Amino acid sequence: MRLPAPPGLGLALRVGAQAGRAATRTAEAAFLMALDAALASPVAEQAVDRVLASPLADRTVDRVLASPLAERAVDRILAGPLMDAVAEDLVRHAVPQRLADQLLEAGIGDEIAARIVTGPELDRIVDTTLASPAFARLAESVVNSPAIERVANEVANSPGMERVVTRVIESRLVDAVVRQLLVSDDLWLLVSEIARSEPVTDAITADTLGFAGELAAEMRAYSRGGDDRLERIARRMLRRGKT
Amino acid sequence: MTGLAHTRYVGLVTRAIAFAVDAAVIDGVAVLVFAVVALASTVLHIPDDVKTILLVIGGAAYILWAGGYFIWFWATDGRTLGNRVMYIRVVPANGGKLGYPRAARRFVGLILAVLPLFLGLVGILFSERRRGFQDRLANTVVVHDPERREPRAGSGRRSAAAAPSEHAPAS
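Protein sequences appear in the order of chains S and W. All residue numbers for the first sequence refer to the numbering used here, where the first residue is 1 and numbers rise by one. All residue numbers for the second sequence refer to the numbering used here, where the first residue is 1 and numbers rise by one.
Bear in mind the hints are in silico, worked out from the structure with no lab data behind them. Where hints are given, some of them may not hold.
Once the Cα atoms are required to be at most 20 Å apart in a straight line, the calculated SDA-like pairs of lysine to any residue come out as [as the list claims (entries may be wrong)]: (1) W:97 x W:125; (2) W:97 x W:137; (3) S:242 x W:122; (4) S:242 x W:73; (5) W:97 x W:72; (6) S:242 x W:137; (7) S:242 x W:70; (8) S:242 x W:123; (9) W:97 x W:70.
Every value quoted in this text rests on a predicted model; they were computed, and no experiment measured them.
Can you build the whole structure from these sequences, using the hints too?
Rendered as structure tokens:
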């Protein structure tokens, strides 16, 4: 059995609800005002400093960094559009150039170069490079390139190279080297070996035969002319004898 | 003779030089052999009579060696060593092969031509094909080697045209 509602109850309820909502808004506004006041006060900064300086903050940071949450967060950051935006900003603001300039000004480049030159890494890099087929191909293409040949010709035919060679030849060093070579037994052993070598003996034989051939050719040419001249003389004498 | 229509015949000077080369080869070999035999005879005791016989044998061997040299080279190739140096060749006047009999006849003719103070060689100076007595006796001519004819050899009133391939020497 349902009791009949007393008159004015509904209105009272609506008024009460409105009054409650108004009180809530007022309380929220008052809370926010209090919070702003608290944050603006030096006490808040001191509180933050104390929290950050506390061992609890260190432990909390360590826990956060060691947690899977940190990994997932970093992963999401790297995979997300944030990194692209950061990269664009870096390029737009010329951050790498500025960073490189600052590193070079600070002498970091020199230190890196010195470290590379004096360290064992350079030897390993050079060995690996020299042993690679790519280096062999590169060297072959460089050696066989017309540009290298042109440069070599220009260098060899340049007045500067001629002056250098002249100075070297006129220097006392060459005289000393020649004197040392002339008194060296190894030199004469080398000369003897070269003189006995097959190509040299073949060349001497070929030259000798060539000279003999040239001599015989000259002799043949003169003899054929001599044939005609002798006959002319003989016939002239015969004619004179008849007359 | 038709095959030698455009051939340039070899004159006396060239033939004399070729003969001098041949003589040098023949005498050089003979002197070498004589030196070896003479050295051996100094070690061995050889009676005088045997030495005389050896000299006679040596003389005969020299004649045989000289004759064999010319006859063999002429018969086989038409060129002695001296002829090779001077690029000349002995060929039959009417073509064909020279052969040993004709080469022997030519050698005898050469001796006969030389004996009367070289009068047998005068024909080389005056005859149309520059033939000496030995050439007439053996019916041969001496021509410049067509395979080796040199470009400088252009003079010669007896050569109509120096065409190397016009004739092949009958060697």
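Quickly compare the C-alpha distance for residue 242 of chain S and residue 73 of chain W to 20 Å and report which way the hint goes. violated, 41 Å
Taking only the CA atoms, is the gap from residue 97 of chain W to residue 137 of chain W under or equal to 20 Å? With a Cα-Cα distance of about 16 Å, the restraint between residue 97 of chain W and residue 137 of chain W holds, given a limit of 20 Å.
Can you confirm whether the C-alpha distance between residue 97 of chain W and residue 125 of chain W stays at or below 20 Å? violated, 26 Å
Hey, residue 242 of chain S versus residue 123 of chain W, does the alpha-carbon distance stay inside 20 Å? holds, 17 Å
Within 20 Å, alpha carbon to alpha carbon, are residue 242 of chain S and residue 70 of chain W? The hint is violated at about 38 Å.
Pair hint outcome, residue 97 of chain W versus residue 70 of chain W [Cα-Cα no greater than 20 Å]: Distance ~16 Å between residue 97 of chain W and residue 70 of chain W Cα, so the pair holds.
Measure nothing beyond the straight line between the CA atoms of residue 242 of chain S and residue 122 of chain W; if it is 20 Å or shorter, mark the hint as holding. With Cα atoms ~17 Å apart, residue 242 of chain S and residue 122 of chain W stay inside 20 Å; holds.
Does residue 72 of chain W sit within 20 Å of residue 97 of chain W, going by the straight-line distance between their CA atoms? OK: residue 97 of chain W and residue 72 of chain W at ~13 Å, within 20 Å.
Pairwise hint evaluation, residue 137 of chain W against residue 242 of chain S, where the allowed Cα distance is 20 Å at most: violated, 28 Å
Hints 1, 4, 6 and 7 from the list above are not met by this structure, while the remaining hints are.
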